[in-house]
Each structure stands twice: as C-alpha cells, then as structure tokens.
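Got chain D sorted already, so can you dock chain Y onto it with the hints?
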Amino acid sequence: MRYDLKKELKSAFDVPAPTRKEQFLNQLDYPKASRIDFIKSQLGYIRKRVWILSFILFIGTLLGLYFSEVPTSFVWVVSSVLPFISLVSISELVRSSTYNMEELEMSCKYNLLEVTLIRLGILGLTNLVVLIGIMLLFMGKTDFGLIRLGLYLLTPYLLNCYGTLFVINRLRSRETIYICSGVTVLVSILNTMLRTSTNEIYTERYGLFWVISFIMLAALSAKEIVKMIKKMGELQWNSSLTA
Amino acid sequence: MSINLQDLYDKIYKYCYFKVRNKETAEDLTQETFLKYFNQKSYIDRGKPLAYLSTIAKNLCIDFYRKNNRNEYLNVEISVNDDVSKFESNFAIKQAVAELPIELQELLLLRFANGLSINEIANIMKFSRFSVYRK
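One line per chain: the protein sequences are D and Y, in this order.
Position 22 (the first sequence) corresponds to 1462 in the working numbering; numbering is contiguous.
Position 67 (the second sequence) corresponds to 185 in the working numbering; numbering is contiguous.
It should be emphasised that the hints constitute simulated quantities derived from the structure, not laboratory data.
Treat the hints with care, since some could be wrong.
Claimed, not checked - Cross-link-like lysine-lysine pairs, in silico, DSS-like; alpha carbons within 27 Å at most: (1) K185(Y) to K1446(D); (2) K154(Y) to K166(Y); (3) K1450(D) to K185(Y); (4) K1461(D) to K212(Y); (5) K1671(D) to K244(Y); (6) K185(Y) to K212(Y); (7) K154(Y) to K141(Y); (8) K154(Y) to K212(Y); (9) K1461(D) to K1447(D); (10) K176(Y) to K141(Y); (11) K1671(D) to K1480(D); (12) K1446(D) to K154(Y); (13) K1446(D) to K176(Y); (14) K244(Y) to K185(Y); (15) K244(Y) to K1480(D); (16) K212(Y) to K1450(D); (17) K1446(D) to K141(Y); (18) K1447(D) to K154(Y); (19) K141(Y) to K1447(D); (20) K154(Y) to K244(Y).
Unchecked claim - Here are some chain Y residues pointing at chain D (derived, C-beta under 10 Å): (21) Q124; (22) D128; (23) A144; (24) F152; (25) K154; (26) Y170; (27) K212; (28) V215; (29) A216; (30) P219; (31) L226; (32) F230; (33) N232.
Unchecked claim - Reference listing, derived: stretches of chain D covered by chain Y, where coverage requires no fewer than 3 residues with Cβ under 8 Å from a Cβ of chain Y: (34) 1586-1596; (35) 1651-1660.
In this text, a Cβ means the ideal position worked out from N, Cα and C, and glycines have one as well.
With the rest of the complex left out, here is chain D (with noise of 0.2 Å):
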C-alpha cells in the first residue's frame, strides 16, 4: 500500500484531543521497575562474548591443569591471560564513548553513571568468581595457599585494569579500546618476561615485590574508578546545563 494512503488512513480516524489525559496519567499508580530489575536488565546488555571468555579462561584452566606436568608453571599462563578477562570487562564500559552514544544515554531514565555502576557491578562479581573458581583449582595441585595464588594472579590482572582504567579517563575517543587492547597486550607480554627472565619469581624470596606490586595497583586502580565516576557526574552535570 502506498505510504501517502497509509499516512491519510491514519488521519481518517482523528479523533477530538482527551481533556482529562494528563491529570489521569498522572495519577495513574503503574508499576515502577525496581532496582532488581534493573539490574537484571542490564545483564542482558553486556555482550555474551564477556561470558563466553569467562568460561573459556576457566574451562581452558580446568584442562591445562589436568593436562599440565608441572602446574606451577602454569599459574604464569593463566595470570597473563587474566589481564584480557578484564580487557572484555573494559570494554563494556567504553561502549557508549565508542558508539558516541554518551549524551543520549545521559538523558535516559537510568543515566550512564548508574548504568555503568550496574555494569562494573556485575563484571566485577563475574570476574571474581572465575577468579576464585581458578584459584581454588590451582590449590588443590599445587603448594601455594590462597593468599600467594591471589597476589599471582591478581597483581597482572590489577595491573591491565589500572592502565585501561589509566587510558579510558584520559582519552574518550572511538579509538580508546584499541589503546586499551595494546596495553592488556603489553601487561600480558611483560607478565611472561618477568617470568621467562626471573625464575624464582613465584618462590618466597619475591613475597615482598608481589605485596608491594598488588597493594600499589589495587589502590591505584581504585583511585581511577574513582576518578571515572566523578567525571561522568561532571559530564553529567554539563548535559544537564545543556538540556
């Protein structure tokens, strides 16, 4: 049918404007979404490839340690591969600067700064619980406790996070993930070095490096999440002049 008789259909059944629709919808006690909801919403946004690496690191794991002769050695494998876990993590929360999506998003129901709270929310308890599924895997086939596995483990994946977290607060542009992708790349890289250079790098001798490492990076990454809540609320506050 052709779009101008469509278009005069629709005018056909014009009809005289309500009077009382206003102070009627107004008054109308609808059902709000709750904050569960919400979240559960915003499980359904985050991309199935994060999940699908998720399960691939910790089934790939399962197998390496199953297969593996001397699974010391492989904890190294998997704390370089960790730092790509947290790189998919990233990478949901550039996707509106990458899509130049932010200042639509600002004006939604549920800002960016909540919806992006909700979304490190749920990758951040992802990524723990794979991470202590790995650690727990690790600890029943080799000598380390919980604690040293943790620093092994955690310190590169710190690391990566500090310095996407680093790139993210100081370059918004479309090609933010790409630099965000070179540094997990070099974390990843530099994780192997140390290892292949260092020997004893996984022996007590080294307890004091990995402490140091783990606490410097854990607080410094927290300095920039912070750091990147408070300049969505500035960018926020700036949307709002403009409204």
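What follows is chain Y alone, placed relative to chain D:
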C-alpha cells in the same frame, strides 16, 4: 517498565472513541481500560501492551453497549479540524472509510491508526489471520 503511556493512552482513546463516538464516554472507557490493565500482574511483563489494552477496551465497549442496551452510537460528535485544506484533502478518504462496514473500519483503525500487527488484530477481533489478510 518502560512503556510510552501517553502514546498508549492516545491509541486506546482513539479506539474507544471509534466504538462509542462520544468524547466523555471514550475517555471514561480508556481510563477504565488502563485501570484494569494495571490491576493484574499476569500480563504486564509479557510485552505487547497495546494489543492487550485493545482487547480490554473492546470488551469494555461491548459491556458498555450491553449495560445501556444500545445498538447505535451515542450523539455523534464531529471532530473539529482547524486546518481547512487538510480537512478537504482527507474528506474523500474519510467518506470512503465511513462507507465501509463497521468491522472493516475497526480493522483499518487497528492496523493503520494504531499500528497493530495482523496477528494482534486477528486476536482482538476474533478472526483468523487469513480473514484479516483477505479483508
């Protein structure tokens, strides 16, 4: 729940007005439709609110005619259109639509004014999909 209530209200009001041809009654029926819709929880999260609201509105209109024992329209109100030239250009279409059987008019309203799918119209009007296509 992120539905455009304003838009839904307009569409249901248009449908009720088509059924009863009285502004006040159409608005009463529209509001009753919304109250009934939000009074139950079984359907709200299933999507397609317009189709469900249209079904409620249709049933309420039938009840309204039953209660008042009427088979004819109430005092027909003629919509006032400010734009005279637009009114003239639409006149032929309006006249053609007015000459159609009431069932077909309802189908056109649901399809072209309210944008419902063939399936949804078939469910509301209790026709088969094939009948809707044929009409």
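Now for the hints, and whether the structure bears them out:
1. K185(Y) to K1446(D): violated, 35 Å
2. K154(Y) to K166(Y): Given pair K154(Y), K166(Y) holds - Cα atoms ~16 Å apart, limit 27 Å.
3. K1450(D) to K185(Y): violated, 31 Å
4. K1461(D) to K212(Y): Between K1461(D) and K212(Y) the Cα gap is close to 26 Å, so the pair holds against 27 Å.
5. K1671(D) to K244(Y): Violated - the C-alpha atoms of K244(Y) and K1671(D) are around 56 Å apart, more than 27 Å.
6. K185(Y) to K212(Y): It is violated: about 30 Å lies between the C-alpha atoms, which goes past 27 Å.
7. K154(Y) to K141(Y): Given pair K154(Y), K141(Y) holds - Cα atoms ~20 Å apart, limit 27 Å.
8. K154(Y) to K212(Y): violated, 32 Å
9. K1461(D) to K1447(D): holds, 24 Å
10. K176(Y) to K141(Y): OK: K176(Y) and K141(Y) at ~16 Å, within 27 Å.
11. K1671(D) to K1480(D): Distance of about 26 Å is within 27 Å: holds.
12. K1446(D) to K154(Y): violated, 31 Å
13. K1446(D) to K176(Y): holds, 23 Å
14. K244(Y) to K185(Y): Satisfied, since the Cα-Cα distance of roughly 22 Å is no more than 27 Å.
15. K244(Y) to K1480(D): Status violated; Cα separation ~36 Å.
16. K212(Y) to K1450(D): With a Cα-Cα distance of about 10 Å, the restraint between K212(Y) and K1450(D) holds, given a limit of 27 Å.
17. K1446(D) to K141(Y): Holds, because 25 Å separates the two Cα atoms, which is no more than 27 Å.
18. K1447(D) to K154(Y): violated, 31 Å
19. K141(Y) to K1447(D): holds, 23 Å
20. K154(Y) to K244(Y): holds, 21 Å
21. Q124: holds, 7 Å
22. D128: holds, 7 Å
23. A144: holds, 7 Å
24. F152: Interface hint status for F152(Y): holds (6 Å vs cutoff 10 Å).
25. K154: Because about 12 Å separates K154(Y) from the closest Cβ in chain D, which is outside the 10 Å limit, the hint is violated.
26. Y170: Given a least distance of 14 Å, the restraint on Y170(Y) is violated.
27. K212: Given a least distance of 5 Å, the restraint on K212(Y) holds.
28. V215: holds, 5 Å
29. A216: With Cβ-Cβ at 8 Å, under 10 Å, it holds.
30. P219: violated, 15 Å
31. L226: holds, 6 Å
32. F230: Holds. Min distance 4 Å.
33. N232: holds, 9 Å
34. 1586-1596: That given contact is violated, which follows from only 0 residues of the stretch 1586-1596 of chain D lying within Cβ reach (below 8 Å) of chain Y.
35. 1651-1660: As far as the stretch 1651-1660 of chain D goes, the hint is violated, because 0 residues have Cβ atoms under 8 Å from chain Y.
Violated hints for the displayed structure, listed by number in ascending order: 1, 3, 5, 6, 8, 12, 15, 18, 25, 26, 30, 34, 35.
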